[in-house]
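Trainee: Sequence:
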Amino acid sequence: MKYLKYIIIILITVLMSSCFASRQNPYARKKKKNSYVSATQLGRNKYFFTNEYQRKLKKNYKKKRY
Numbered sequence: 001m002k003y004l005k006y007i008i009i010i011l012i013t014v015l016m017s018s019c020f021a022s023r024q025n026p027y028a029r030k031k032k033k034n035s036y037v038s039a040t041q042l043g044r045n046k047y048f049f050t051n052e053y054q055r056k057l058k059k060n061y062k063k064k065r066y
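Numbering (the working numbering), first residue to last: 1 to 66.
Careful, some of the hints might be misleading.
[Stated by the list, open to error] Straight line, CA to CA, 27 Å or less: simulated BS3-like cross-link-like pairs of lysine-lysine:
hint : residue 1 : residue 2
1    : LYS58     : LYS46
2    : LYS46     : LYS56
3    : LYS46     : LYS59
Calculated from the structure, these hints are not laboratory results.
Construct all of the structure, not just a fragment, from the sequences and the given hints.
Mentor: Dropping the structure here:
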């Protein structure tokens, strides 16, 4: 019985940790990947690809939580 409790606890933690990877937000991951663009040819749109603006977008998205 003593070992059974430990095995169950370990099994639960392994199962929960494997589920966390599937709960990641694919929209946020795509947005992060697309935000890295060479700003040399963007002209006026350089601001929208700066680190400050991208950080601001991430903050707003985290607040909404769709």
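Trainee: Each hint needs a verdict: does it hold in this structure or not?
Mentor: Here's how the hints hold up against the structure:
1. For a cut-off of 27 Å, the pair hint linking LYS58 to LYS46 stands: about 17 Å separates their Cα positions.
2. With a C-alpha separation of about 15 Å, the suggested pairing of LYS46 with LYS56 holds against the 27 Å cut-off.
3. Only pairs whose Cα atoms come within 27 Å are accepted, and LYS46 paired with LYS59 is accepted, the gap being roughly 20 Å.
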